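Trainee: The lines below spell out each chain.
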Amino acid sequence: MKFTSTLKAVGTAALIAFGAPVAAQDWEPNGPVTIEIGFGAGGSTDTMGRVLAEVMKEQTGWNVIVENRPGGGGVAMFTSLSQRPVDNQTIGMGVGIPVLVQLVQRGDELPFDIDSFDYLGTIAKAELALVASADAPFDTLEEMIAYAEEQGDMPLATMAPPQVLMMNATTKASGVDFNLVTADGGAEVIRLILGGQVLAGFASGEHFPYLESGDMKVIASANQSRLSYAPETQTFIESGVDAYVDAVFFLAMKAGTDPSATAAIAAAIDEAVQSPEIAEIVRNAVQGDPINMGPDGARLMMVDGLENAERLFAN
Amino acid sequence: MVDFSIILAGFGDVFTPFNLLFVVFGVVLGQFVGAVPGIGPVMAMAIAIPFTFGLDPLPAIAFLVGVNKGGLVGGAVPAILMNTPGTPDAAATAMDGYPLTQQGKPLKATKMALFSSITGDTFSDIVLITVAAPLAVLALKMGPVEIVALMIFAFSIISGLMGESLIKGVIAAALGLMISFIGTDPEHFTPRLIFGFWDLFDGLALPSVAIGMLAISEILRRMAEGRGTEGQGILVPDTGNPEDRRVSWVEYWACRYTMLRGATIGTILGALPGIGSTAAAFISYAMTKAASKEQESFGKGNLHGIAATESANSAVVGANMIPLLTLGIPGSVTAALIISAFMIHGMQPGPLLFQNQGRLVYGLFGAMIMANFINLWVGQAGLRLWVKVVSAPKAVIFSSALLLCFVGVSMATNGLFGVTVMLIFAVFGLLMHSFGYSMVIFIIAFFLGPQFEKSLSQAIALLNGNLLNIYTSPVAVALLVLSGVSVFWFLSKRTNEEADTTNLGVPDGETLDQKNP
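Protein chains in written order, with our numbering: chain Z, 1 to 315; chain H, 1 to 517.
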């Protein structure tokens with residue numbers, strides 16, 4: 001008996017000493033916290049989400065589980081998230097741009113908009129680049145446009161509608177047509193380039209091993225700013241094409257969630273994003289560093305992103 | 001070229017007890033989930049990946065490869081014993097496997113599946129280890145134009161499985177294609193035929209459709225047939241002849257060309273992304289049947305039928321690693337999961353993998369070969385167990401199989417939406433069966449439809465919108481000529497058959513005649 005009460009006392013003391021930061025957050029999930037990933041198993045979003053869940057579980061002691069809910073680049077997941085009642089422990093993880101594109105294209109058909117969610121933060125940013133085989137007869141976007149004009153027919157691989165819009169903007173700015181081939185993801189773009197079926201294409205990380213081996217080169221950054229790994233390469237904007245795409249991996253919960261829950265989860269995400277495990281998986285997945293813009297930054301990213309997507313489509 | 005000492009060190013790494021243990025564990029788990037209807041290796045791998053975080057890269061990846069390989073062996077078990085394939089790959093195995101079970105030879109059939117599966121797998125592993133790099137470069141040259149031609153060729157071969165009515169076969173294929181159009185179009189990403197269900201945005205999930213049509217509808221049909229009868233059930237009693245419980249060397253050896261053909265088809269299709277093991281199994285089956293002198297025995301329990309499908313679908317696994325390891329390009333969902341495991345462990349498959357991580361890669365090769373041996377041993381022991389399991393009363397077997405299908409599909413598709421789809425297709429499957437339409441043709445068309453559509457749109461873009469420009473690709477032209485020849489050949493043979501055989505009233509591509517085996 002005595003031993004038990006001593007144990008309890010020690011336990012309580014330990015709880016007070018070490019448990020204080022958790023207690024300060026003043027919120028504990030009632031059951032498992034679910035991260036719903038808007039893409040299928042095996043992709044970069046899925047891989048990062050699973051590591052994030054694992055790290056959060058270790059750091060907070062919560063039971064964090066992962067579910068894949070693929071469909072429409074995250075639209076299926078955000079649709080179902082917005083339609084279910086608030087439960088204070090279901091988090092959606094997706095990528096900004098595919099959702100924004102759907103909101104611009106058929107916003108009236110979708111049951112949600114940007115304000116349907118409370119944003120928790122971001123984990124990384126995918127840098128989108130226009131890449132080509134190392135022996136392609138051009139090194140910059142301007143040279144590529146000139147080459148395409150000379151050839152009259154240059155095949156180029158895209159993997160999503162925003163990239164098609166960027167190439168349409170390029171055509172509008174330069175008057176040169178491209179022969180656009182739609183590929184099913186970055187890996188296929190790489191395959192088409194290596195196989196010589198297309199001369200250039202968009203990729204968001206799948207080309208890194210080939211940059212290292214010297215088989216490929218970067219032609220332009222499709223982001224708003226230059227690429228972290230190729231700072232000398234110009235953006236589309238700098239090359240005279242007023243268009244860009246920024247793809248940010250973010251997390252959100254249904255609007256109306258208990259503010260103490262969003263605060264606690266956002267804090268847990270922030271802590272996890274600073275861990276070495278996340279740094280490693282983000283480096284492997286997108287070749288960059290983890291970026292957490294925080295709840296306000298994530299919301300701002302979506303609002304700005306929607307404006308940009310509207311501008312792209314108006315083009 | 002990688003230094004020889006690294007190769008040896010890599011192979012040596014596999015033989016630490018710890019690493020071997022994980023290969024064994026992976027294979028056992030894989031065979032189990034493969035044999036349980038509805039779960040399958042893809043599910044098991046997706047769930048297992050987080051558990052490999054704490055491991056070193058070699059045991060982690062070897063474990064996942066073990067699950068994958070074990071799953072293909074396990075998938076054949078319910079297909080043969082109950083005519084309810086656990087994975088779509090095994091659908092073709094049921095065509096000759098289940099009739100053998102009905103003849104009281106379940107062990108013979110499952111053992112043949114095991115042996116040919118491991119033969120095909122080992123063949124493609126050896127190809128992978130020896131000539132992966134040049135083969136990958138060759139596969140790269142197969143662009144969208146060539147892939148379209150190859151798929152047309154595949155369709156023309158599979159048309160040999162059409163069954164007795166050409167018109168019904170074409171209708172089944174057209175329905176399968178139509179169902180595959182559900183979801184976004186590959187060119188402009190506009191949703192088609194989704195009627196407001198955003199869950200359909202990426203199309204109908206293959207597990208829902210395949211398990212619903214092949215497994216659930218079969219179970220429902222058998223329950224309807226067995227109404228009023230009770231107790232023991234789905235196994236015909238053992239014939240008592242020990243010959244029927246094993247595969248003799250003579251029988252194995254007689255299938256050598258069949259297995260070689262299957263393994264070659266599986267290896268080629270595995271090295272090319274997107275076509276996959278299900279198609280490989282059916283193409284191999286159709287080609288074996290066409291080449292056989294005793295065509296009428298197919299679908300009635302011909303060992304060659306099992307050898308053809310199992311060697312082909314298992315060969316795809318090893319060959320899938322060719323584009324994965326050398327180029328970092330996944331050829332299937334399981335391959336994509338293995339890439340994600342590589343990424344979690346800090347490596348990116350691609351051109352420098354052999355240079356930077358040579359020892360790990362050769363360790364992985366060693367693990368793959370070991371996994372094949374372990375597959376054989378675990379399989380030998382496990383098959384007896386499964387045959388025992390299905391000799392339980394029908395009431396137990398069918399209800400647990402149904403339950404597992406529900407659980408498996410809801411896990412694979414993340415929710416009850418997939419289960420609803422499965423049930424709709426179970427009813428659809430029952431209807432198709434009772435009107436004599438081939439479900440197998442339907443599934444293949446559904447499965448290959450999206451890939452075909454995507455490749456076709458890519459090919460049209462590359463050919464500047466004019467398909468007549470196809471002459472610029474000699475490979476594509478050759479494949480199209482071959483397709484023409486094979487369709488002509490199948491059709492002429494069909495007219496001959498119609499002239500001199502009596503019509504049994506059953507499509508000969510499937511094992512429909514269960515009452516009179």
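The set of hints was computed from the structure by calculation and includes no laboratory data.
Among the hints, erroneous ones may be present.
[As the list claims (entries may be wrong)] Some chain Z residues near chain H, calculated using beta-carbon distances under 8 Å: (1) Val51; (2) Glu212; (3) Asp289.
[Unchecked claim] In silico negatives: residues of chain Z with every beta carbon more than 12 Å from chain H: (4) Asp26; (5) Ser44; (6) Thr79; (7) Glu142; (8) Val164; (9) Lys217; (10) Arg283.
Treat the numbers as computed from the prediction; the structure is a model and nothing was measured.
We put the CB at the ideal spot given by N, CA and C, even for glycine.
Trainee: Out of the numbered hints, which ones does the structure contradict?
Mentor: When the structure is compared with the hints, numbers 3, 5, 6, 8 and 10 turn out to be violated.
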